[in-house]
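Trainee: Take a look at the letters that make up each chain.
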Amino acid sequence: MTMFTRSDKSADEKPQNTPEAARAPATPQLRPAATPPVTTPAAAARAHGTSVIGKAVKITGQIESTEDVQIEGQVDGDVRGQTVTIGANARVKGTVYGETVEVAGTVEGKIEARKVILTSTGHMTGDVIHADIRIESGAFIDGHLRPEHGKDAKPSTKSST
Amino acid sequence: MAVLPLKNFARSGRLPGDDGQSRLLPGLTIDGHLEVDGEIYIDGLVNGRIDGVTVIIGPQGTVVGDIVAREVRIEGTLEGRTFAHHVSITQTARVTGRVFHHTISVDKGARIDARMPWRPLNYFETLDQLPETRS
Numbered sequence: 003m004t005m006f007t008r009s010d011k012s013a014d015e016k017p018q019n020t021p022e023a024a025r026a027p028a029t030p031q032l033r034p035a036a037t038p039p040v041t042t043p044a045a046a047a048r049a050h051g052t053s054v055i056g057k058a059v060k061i062t063g064q065i066e067s068t069e070d071v072q073i074e075g076q077v078d079g080d081v082r083g084q085t086v087t088i089g090a091n092a093r094v095k096g097t098v099y100g101e102t103v104e105v106a107g108t109v110e111g112k113i114e115a116r117k118v119i120l121t122s123t124g125h126m127t128g129d130v131i132h133a134d135i136r137i138e139s140g141a142f143i144d145g146h147l148r149p150e151h152g153k154d155a156k157p158s159t160k161s162s163t
Numbered sequence: 064m065a066v067l068p069l070k071n072f073a074r075s076g077r078l079p080g081d082d083g084q085s086r087l088l089p090g091l092t093i094d095g096h097l098e099v100d101g102e103i104y105i106d107g108l109v110n111g112r113i114d115g116v117t118v119i120i121g122p123q124g125t126v127v128g129d130i131v132a133r134e135v136r137i138e139g140t141l142e143g144r145t146f147a148h149h150v151s152i153t154q155t156a157r158v159t160g161r162v163f164h165h166t167i168s169v170d171k172g173a174r175i176d177a178r179m180p181w182r183p184l185n186y187f188e189t190l191d192q193l194p195e196t197r198s
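Residue numbers (the numbering used here), protein chains in the order written: chain A, 3 to 163; chain B, 64 to 198.
Keep in mind that the hints were calculated from the coordinates and are not lab data. Just so it is clear, the structure is predicted and the values come from calculations on it, not from any experiment. Don't be surprised by glycine CBs; every beta carbon is placed ideally from N, CA and C. Treat each hint with caution, since some may be false.
[Said to hold, decoys possible] The list that follows gives simulated cross-link-like pairs (lysine to aspartate or glutamate, EDC-like), each with its CA atoms no further than 20 Å apart:
{"#": "1", "chain 1": "A", "residue 1": "K60", "chain 2": "A", "residue 2": "E138"}
{"#": "2", "chain 1": "A", "residue 1": "K117", "chain 2": "A", "residue 2": "D129"}
{"#": "3", "chain 1": "A", "residue 1": "K153", "chain 2": "A", "residue 2": "E101"}
{"#": "4", "chain 1": "A", "residue 1": "K95", "chain 2": "B", "residue 2": "D94"}
{"#": "5", "chain 1": "A", "residue 1": "K112", "chain 2": "A", "residue 2": "E138"}
{"#": "6", "chain 1": "A", "residue 1": "K117", "chain 2": "A", "residue 2": "D144"}
{"#": "7", "chain 1": "A", "residue 1": "K112", "chain 2": "A", "residue 2": "D134"}
{"#": "8", "chain 1": "A", "residue 1": "K60", "chain 2": "B", "residue 2": "D94"}
{"#": "9", "chain 1": "A", "residue 1": "K60", "chain 2": "B", "residue 2": "E195"}
{"#": "10", "chain 1": "A", "residue 1": "K60", "chain 2": "A", "residue 2": "D129"}
{"#": "11", "chain 1": "A", "residue 1": "K95", "chain 2": "A", "residue 2": "D129"}
{"#": "12", "chain 1": "A", "residue 1": "K60", "chain 2": "B", "residue 2": "D114"}
{"#": "13", "chain 1": "A", "residue 1": "K153", "chain 2": "A", "residue 2": "E138"}
{"#": "14", "chain 1": "A", "residue 1": "K60", "chain 2": "A", "residue 2": "E101"}
{"#": "15", "chain 1": "A", "residue 1": "K153", "chain 2": "A", "residue 2": "E110"}
{"#": "16", "chain 1": "A", "residue 1": "K60", "chain 2": "B", "residue 2": "E134"}
{"#": "17", "chain 1": "A", "residue 1": "K153", "chain 2": "A", "residue 2": "D78"}
{"#": "18", "chain 1": "A", "residue 1": "K60", "chain 2": "A", "residue 2": "D78"}
{"#": "19", "chain 1": "A", "residue 1": "K60", "chain 2": "B", "residue 2": "D191"}
{"#": "20", "chain 1": "A", "residue 1": "K95", "chain 2": "A", "residue 2": "D78"}
{"#": "21", "chain 1": "A", "residue 1": "K95", "chain 2": "B", "residue 2": "E98"}
[Stated by the list, open to error] If you want the footprint, here are the derived chain A segments under chain B, 3+ residues with CB under 8 Å:
{"#": "22", "segment": "52-58"}
{"#": "23", "segment": "64-71"}
Based on the provided sequences and hints, a complete structural model is requested.
Mentor: The following block contains the structure:
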């Protein structure tokens, strides 16, 4: 309601105040009043950050993000993100894709990432496809390490840079 | 995240020292079933069912599917069904589907194309199997 009255007013008053400039700015001025402030794509781009799947969360299904993801809970399914962090008490059953994947928790499945870090509490069962890997003392790994990330013609969309 | 106004809503009790906020930000998509023993803030996209205690759909969030929780706050988009003791729908919300509730508040400006059936509290105890009401 308020929005409508306000835009009506500005549409009515504008031509009286500045008759010459009225035509051009009339439409652009209505627009900010009519759009809700929060849902603009600009705000969406600004608000990016790390999504957190907390330890009280269990997900059955796929997670996909264009941003960073931190997992502290349980995931049965694949995870895709830029930097994916698997926290110390987290468990993922499935494939983890990312630019960088850091594992402090448990992964059963596969990791495909340019850079892989297995920290001292990390527990990995399955293959790791990487271009760059760091394994800290104490980490557990049962699987093949294959430095093939971004090499052969893979359907994976990630390029090496 | 200090933005969340529902801080003192009674949690389910366990998880000592759980800073445990879960937040799904723009750019994140989940297809599947989310079970949350606590609070979750969704500014991303969820396709599927969410079971939680407190579920908040942020202004940029979208949920397509069913939400079962004690408290649901909708600031973004919901397409589907909500089953909750208390539902609050804010000014920026867009809701289609059904909102099963015991108490509800709707802010001026919300865009709603939904049925909002009232249910007694004990109705919400029996939601392991969701009713078939798709239409």
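Trainee: Identify every previously stated hint that the structure contradicts and give their numbers, smallest first.
Mentor: Of the numbered hints given earlier, those the structure breaks are 1, 9, 10, 13, 14, 15 and 17, listed in rising order.
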